[in-house]
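Construct all of the structure, not just a fragment, from the sequences and the given hints.
Line by line, the protein sequences give chains Z and E.
Just so you know, we're using my numbering here: the first sequence kicks off at 197 and counts up by one.
Just so you know, we're using my numbering here: the second sequence kicks off at -5 and counts up by one.
Some hints could be false.
Stretch by stretch, here's where chain E covers chain Z in the computed footprint (C-beta under 8 Å, at least three residues) [claimed, not checked]:
(1) 253 to 264
(2) 451 to 458
Here are the simulated DSSO-like cross-link-like pairs (lysine-lysine), alpha carbons at most 27 Å apart as the crow flies [said to hold, decoys possible]:
(3) Z:Lys457 to E:Lys12
(4) Z:Lys324 to E:Lys2
(5) Z:Lys209 to Z:Lys445
(6) Z:Lys445 to E:Lys2
(7) Z:Lys280 to Z:Lys495
(8) Z:Lys324 to Z:Lys352
(9) Z:Lys496 to Z:Lys328
(10) Z:Lys457 to E:Lys2
(11) Z:Lys297 to E:Lys12
(12) Z:Lys402 to Z:Lys457
(13) Z:Lys352 to Z:Lys495
(14) Z:Lys280 to Z:Lys328
(15) Z:Lys249 to Z:Lys297
(16) Z:Lys352 to E:Lys12
(17) Z:Lys352 to Z:Lys457
(18) Z:Lys496 to Z:Lys280
(19) E:Lys12 to Z:Lys536
(20) Z:Lys324 to Z:Lys296
(21) Z:Lys328 to Z:Lys402
(22) E:Lys2 to Z:Lys536
(23) Z:Lys240 to E:Lys12
Derived from the structure by calculation, the hints contain no laboratory data.
Beta carbons: idealized from backbone N, C-alpha and C, even for Gly.
Here are the chains, one letter per residue:
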Amino acid sequence: MPMKKESKNLLAKAGEYLEEIKALAQSPFTIMEVCGTHTVAIAKNALRDLLPKAVRLISGPGCPVCVTDSSDIDRYLYLAAQPKVITATFGDMIRVPGTKKNLQVLRAEGADVRVVYSTQDALELARKNLDKEIVFLGIGFETTTPTVAVSLETAKLEGIENYSVLAMHKVVPPVLRRLAEDDELVVDAFLDPGHVCAIIGIEPIKFMAEDYGKPSVVTGFEALDILEAIVMLLRQRVEGRSEIEIQYKRVVKVEGNPHAKMFIERVFEPVNASWRGIGLIPQSGLGIREEYSPWDAAKKFSLPVFDSQEIPGCRCGDVLKGLIYPTQCPLYGRRCTPMKPVGPCMVSTEGSCATYYQYGQRSVD
Amino acid sequence: MCLAIPAKVVTMEGSMAKVDMMGNVRVVSVLLVPEVLIGEYVLVHAGFAIGIIDDESAKETEELLLEVANAYEEGE
Ligand code: SF4
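If you want it as structure tokens, here you go:
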């Protein structure tokens, strides 16, 4: 069947980028895609197979579900089991395993757990269920955090007393710094998360290029975006430059989104946070400010603090740091599959392990 | 989790807007992009417009996606 002209153009463009990548990649070059949404886009478009051997793409810590510490998971599971509580969450969290259970199991045992599309849906639940306590599970990076901040602000303005947020939000710059300072890190350059930078701009992450010598390109999510970004990274290496550049110009502005930043700033403050498999990173999380404490689920329900526990055999942490490919985990594809996930990297649709499995890497390499 | 999808603002009422997301109509909050105008493209994440997209390139992206969809339909 004849191909449409535009599709031909599309393929021609992709072909051009691949040619240039081949020409520029004369020696091994390892690129980390920080963002889980990039991991999915790369797998979906089979980009790993198209690239020359010298260019390695490895996944980073950019799947918010995967980096949520077991202590946080056990904490929200404890809360979800309380009487009168309705847990409102994005769908990704439903099957994430805690030490003993997950939300799905709790739901089968009678807990009220609702999947919502946005924090506005969660607020609507609160308005409609005045005899219940609606708790929203605040998971996500800077892309998502402003939408949660707005909900807290709305709850405060409207005096919605039966809504609260369990804040487990994380920010990207400190984990990048942690990666850069890790002696084991084998990464030469970074594909930076397009939608996080749509909010924060490039100022907070430019130290990776400027102080640590890691060429960085903020990238969109189409195959062509990613290929163009890889060309840009390779050009930087060939020309001996280390800068932060924006490939995703149609969306990302140097200064980010000032309104969204203002909402985050008003409602949240930096706190220390534990990242699964990576450990405690100072000032890498966001907690709810004192002025909003009536809507802070941790305070409202005087939640206990749980111990952080690693899942025996799960190498999610090494996967998140890019030290191993998912297929190198002994449990991958054997004891751990998307149907029966052992670790969080196999649960989230954007987790590296799940993405590898979903798009064909069924066996151990 | 950081997925965001381009959509065109069709109507606005207060802080809410009706947007056209590749043919589907959705209601989203524009509180994070208060300067947005009807007819502009925004990037939608979890029920919120989180950024305004440069008009020309948004169309390009949308066309790109449609092209790929068409290519699949045609069995390419
Ligand atoms: S395959 Fe499963 S057990 Fe292994 S690292 Fe991934 S999530 Fe953990």
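Here's how the hints hold up against the structure:
no. : hint                 : result
1   : 253 to 264           : holds (count 4)
2   : 451 to 458           : holds (count 3)
3   : Z:Lys457 to E:Lys12  : holds (24 Å)
4   : Z:Lys324 to E:Lys2   : violated (30 Å)
5   : Z:Lys209 to Z:Lys445 : holds (18 Å)
6   : Z:Lys445 to E:Lys2   : holds (18 Å)
7   : Z:Lys280 to Z:Lys495 : holds (17 Å)
8   : Z:Lys324 to Z:Lys352 : holds (17 Å)
9   : Z:Lys496 to Z:Lys328 : holds (14 Å)
10  : Z:Lys457 to E:Lys2   : holds (23 Å)
11  : Z:Lys297 to E:Lys12  : violated (40 Å)
12  : Z:Lys402 to Z:Lys457 : holds (17 Å)
13  : Z:Lys352 to Z:Lys495 : holds (16 Å)
14  : Z:Lys280 to Z:Lys328 : holds (5 Å)
15  : Z:Lys249 to Z:Lys297 : violated (41 Å)
16  : Z:Lys352 to E:Lys12  : holds (25 Å)
17  : Z:Lys352 to Z:Lys457 : holds (19 Å)
18  : Z:Lys496 to Z:Lys280 : holds (14 Å)
19  : E:Lys12 to Z:Lys536  : violated (39 Å)
20  : Z:Lys324 to Z:Lys296 : violated (32 Å)
21  : Z:Lys328 to Z:Lys402 : violated (45 Å)
22  : E:Lys2 to Z:Lys536   : violated (39 Å)
23  : Z:Lys240 to E:Lys12  : violated (30 Å)
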